[in-house]
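There are 2 protein chains.
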Amino acid sequence: MSRIAYVNGQYVPNAEASVNINDRGYVFADGIYEVIAVTKRQLVDPEWHMQRLWRSLAELQIPEPMSDPAMRAVMKQVIRRNRVRNGFIYMQITRGVAQVRDHAFSTEMRPSIVMTARNTKAVVTDEMSDGVKVVSIPDIRWKRCDIKSISLLPNILGKQIAKEAGAYEAWMVDEEGFVTEGTSSNAWIVTKDGELVTRPTDHAILRGITRTSIIALAEKAGLTIIERAFTIEEAKAAKEAFVTSTTSLVKPVTELDGDIIGNGQPGSVTEKLFALYAAYNDDIGKSA
Amino acid sequence: MSRIAYVNGQYVPNAEASVNINDRGYVFADGIYEVIAVTKRQLVDPEWHMQRLWRSLAELQIPEPMSDPAMRAVMKQVIRRNRVRNGFIYMQITRGVAQVRDHAFSTEMRPSIVMTARNTKAVVTDEMSDGVKVVSIPDIRWKRCDIKSISLLPNILGKQIAKEAGAYEAWMVDEEGFVTEGTSSNAWIVTKDGELVTRPTDHAILRGITRTSIIALAEKAGLTIIERAFTIEEAKAAKEAFVTSTTSLVKPVTELDGDIIGNGQPGSVTEKLFALYAAYNDDIGKSA
Chain A
1 MSRIAYVNGQ YVPNAEASVN INDRGYVFAD GIYEVIAVTK RQLVDPEWHM
51 QRLWRSLAEL QIPEPMSDPA MRAVMKQVIR RNRVRNGFIY MQITRGVAQV
101 RDHAFSTEMR PSIVMTARNT KAVVTDEMSD GVKVVSIPDI RWKRCDIKSI
151 SLLPNILGKQ IAKEAGAYEA WMVDEEGFVT EGTSSNAWIV TKDGELVTRP
201 TDHAILRGIT RTSIIALAEK AGLTIIERAF TIEEAKAAKE AFVTSTTSLV
251 KPVTELDGDI IGNGQPGSVT EKLFALYAAY NDDIGKSA
Chain B
289 MSRIAYVNGQ YVPNAEASVN INDRGYVFAD GIYEVIAVTK RQLVDPEWHM
339 QRLWRSLAEL QIPEPMSDPA MRAVMKQVIR RNRVRNGFIY MQITRGVAQV
389 RDHAFSTEMR PSIVMTARNT KAVVTDEMSD GVKVVSIPDI RWKRCDIKSI
439 SLLPNILGKQ IAKEAGAYEA WMVDEEGFVT EGTSSNAWIV TKDGELVTRP
489 TDHAILRGIT RTSIIALAEK AGLTIIERAF TIEEAKAAKE AFVTSTTSLV
539 KPVTELDGDI IGNGQPGSVT EKLFALYAAY NDDIGKSA
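Chains A and B are the protein sequences, given in the same order. Residue 80 in our numbering is what sits at position 80 of the first sequence, and the numbering runs on without skipping anything. Counting from 1 along the second sequence, just add 288 to a position and that's the residue number in our numbering.
Hints are computed from structural coordinates only; laboratory data are not their basis. What you are looking at is a predicted structure, and each value in this text was computed from that prediction instead of being measured. Glycine included, each C-beta is placed from N, C-alpha and C at the ideal position. Be aware that one or more of the hints could be misleading.
For each label pair, taking beta carbons as the anchor points, the in silico distance ranges come out as [unchecked claim]:
(1) B:339 to A:264: 45 to 51 Å
(2) A:102 to B:301: 19 to 25 Å
(3) A:10 to B:514: 23 to 29 Å
(4) A:10 to B:452: 33 to 39 Å
Please construct the entire structure, taking both the sequences and the accompanying hints into account.
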């Protein structure tokens, strides 16, 4: 079955789904996106994703392309037409098509909206992945990484460095020597005292939805969470480390810049958080 | 006459010219571009533009979509089919279409290439524009602005701030308080001693082709050029200020953050440089 995309009001096969070359998303990276997990046909944390989507649009002064209920109806259709049981839905909104290339914009343009979906195996209820490798790189991104924009060139270059180094992710380090986040995930460590540490949300990182979920689940489980920046040296000396994202879930990091973290195996706190997150997703799936 | 675009081997009306929604240019801002001026059907400084284009591609590990002569043949066609006598040609190359969204990339993808053109009145031989206003904003861009990438979201936001302030351009200021460049142009001042000052090319600014031309013309005319960074305060106290770019040419700046520069009129050095650049372009046009 060929995948079906939603593009500006129409459902079309992915291979035929297109946007005009003068779409400002193509010319200026003038747009935003969201990726939402689907578990047993149910969206995971749609409220938080939609809230962040509307915020990203507002920050860029891009008008809302449709109402919240209309967006959700399209999401439902895209899930149905792609027969997604477990997987992800991707949505991208750009400022729209401007026939004349001009950096400045009108705030009254008609935004473009694209939505796609893909099936994966049931990710969450699988076993947690083995530990992955991470490398560190300088954070060369712009200063508004809190906006989930499609201006992702530094992220893809960073991810490529990781890939070429045989690593899963690259952790980006700011000019003060602190880790900001991964190229497509938030970064966490567990200290020798068992405290969970992750960078507070400011303009330097994206407020990950999985990050938010994990904080809530960890708090409920009585774990101590400290939102503060940490260095690569601190991470190397940590008991455990892991990343979170919609697609990575909770993924243990066991090697950082070639040094082993902890005993080189996924740690117990990471395992616990993965289990809590899996259960949380199972509950969402059961609400079907 | 509807404008004609070149898109991946085909010449199509602009309104019908499209790219797949999974083009990495659309999803990740994974691409580069160039804008070249056309004067009397002749390209202005094509060697320098092409050199920069190949460099931008190499920096991003995007394969060359076609040979240099083939690119020039397409450029010629796009100029001819759009009947451009004076105007601009725009070309954009992205890493191409990837059906699965993954930050990391294959270095063997087939790049997408788009080319458009538009007619303008004969820009260069017109009179120099009146002085324009500039506002200053923090430079929030990534740290590889030497690559002419389509990851332009901070630039368009900056230009919008300028527009909303009734200004022509925004000059971006780095964390040390020095002007980097405009959102789509290079920044210059003329000191009380008549010295031309513009920021040296590093990773913080784009090596503008018009900037390069002006340096060559100014040197030939016996002017003193100093490549160093300057502050907003220094610019306000300068005798003259101006911006250069392919579309702005040499444009006098007579107001900066509400303060008048010099006597509030375009200065004599700026006028001289405009005249030299106009003559340089006229010569290119005569070579037809």
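Requested in this report: For residue 339 (chain B) and residue 264 (chain A), compare the CB-CB distance with the range 45 to 51 Å and indicate the outcome.
Outcome: Since residue 339 (chain B) and residue 264 (chain A) have Cβ atoms about 48 Å apart, the given range 45 to 51 Å holds.
Report task. Given the hint of 19 to 25 Å, check if residue 102 (chain A) and residue 301 (chain B) actually sit that far apart at their C-beta atoms. Result -> holds (20 Å)
Query - 33 to 39 Å as the expected CB spacing between residue 452 (chain B) and residue 10 (chain A), which holds or is violated - result: With Cβ atoms ~34 Å apart, the hint holds.
**Report entry** residue 10 (chain A) versus residue 514 (chain B) beta-carbon gap, inside 23 to 29 Å or not
**Finding:** violated (57 Å)
Of the hints listed earlier, the one the structure fails to meet is number 3.
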